Amino acid sequence: MHPVARKRGFATSELLSAWPELVGERYVDRVQPGQLIWPRRKTADGEPVLEPATLLVYADAPSALLLTHELPQLRERINAFFGWKAVDRIRIMQRTLARKPKAKTPKRRELSEDEKKKIKQQVERVENSRLQQALEKLGQQIASRVDDE
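Using the numbering used here, read the sequence shown as starting at 1 and increasing by one per residue.
Keep in mind that the hints were calculated from the coordinates and are not lab data. None of the values given here were measured: they were computed from a predicted structure. Keep in mind that the hints are not guaranteed to be accurate.
Said to hold, decoys possible - Between beta-carbon pairs, the in silico distance windows are:
no., residue 1, residue 2, range
1, Glu14, Pro39, 17 to 27 Å
2, Pro39, Gln133, 56 to 66 Å
3, Gln73, Glu51, 16 to 26 Å
4, Gly24, Arg89, 11 to 21 Å
5, Ile37, Val146, 45 to 55 Å
6, Gln140, Leu16, 16 to 26 Å
Stated by the list, open to error - Calculated pairs, EDC-like style, for lysine to aspartate or glutamate (alpha carbon to alpha carbon, straight line, at most 16 Å):
no., residue 1, residue 2
7, Lys116, Glu136
8, Lys117, Glu136
9, Lys137, Glu124
10, Lys120, Glu136
11, Lys85, Glu51
12, Lys116, Glu76
13, Lys118, Glu136
14, Lys107, Asp147
15, Lys116, Asp88
16, Lys137, Glu115
Every residue, glycine too, gets a C-beta built ideally from N, C-alpha and C.
Please model the complete structure; the sequences and the hints are all you need to start from.
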């Protein structure tokens, strides 16, 4: 992921990984970071001057409108994430975004009494009753799965 991130102006993929926390649950599936556009490097007295970038984000039309009102807060969260004023502007491009397919719930079958009893015997040595119940439930969930092959 790092070569792709670098090509889009991201020095590391950390911003891309932290994106869901930065934009929040409301926008996580509706707004995606596109590219960090850094200005040309300037020098002052032989020292490079680091200027903030413009962050290009892609959003669907309804979210783009809502996000424009929350840009100052988003910019503040991004800069707090970096620890310095890395982003000065956020430019929104409206685009239809691909939706992530929802995870399919696995098919389940009813367990026989013998299977339930066997699972219960496997976890009965656990002293903590809450942990024992959780492990028993987990065992039943795993055993009841139907493989689609």
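Results for each hint:
| no. | hint | verdict |
| --- | --- | --- |
| 1 | Glu14 - Pro39: 17 to 27 Å | 21 Å, holds |
| 2 | Pro39 - Gln133: 56 to 66 Å | 59 Å, holds |
| 3 | Gln73 - Glu51: 16 to 26 Å | 22 Å, holds |
| 4 | Gly24 - Arg89: 11 to 21 Å | 20 Å, holds |
| 5 | Ile37 - Val146: 45 to 55 Å | 50 Å, holds |
| 6 | Gln140 - Leu16: 16 to 26 Å | 38 Å, violated |
| 7 | Lys116 - Glu136 | 9 Å, holds |
| 8 | Lys117 - Glu136 | 10 Å, holds |
| 9 | Lys137 - Glu124 | 13 Å, holds |
| 10 | Lys120 - Glu136 | 6 Å, holds |
| 11 | Lys85 - Glu51 | 8 Å, holds |
| 12 | Lys116 - Glu76 | 53 Å, violated |
| 13 | Lys118 - Glu136 | 10 Å, holds |
| 14 | Lys107 - Asp147 | 8 Å, holds |
| 15 | Lys116 - Asp88 | 59 Å, violated |
| 16 | Lys137 - Glu115 | 12 Å, holds |
Hint check: violations occur at hints 6, 12, 15; the rest are consistent with the structure.
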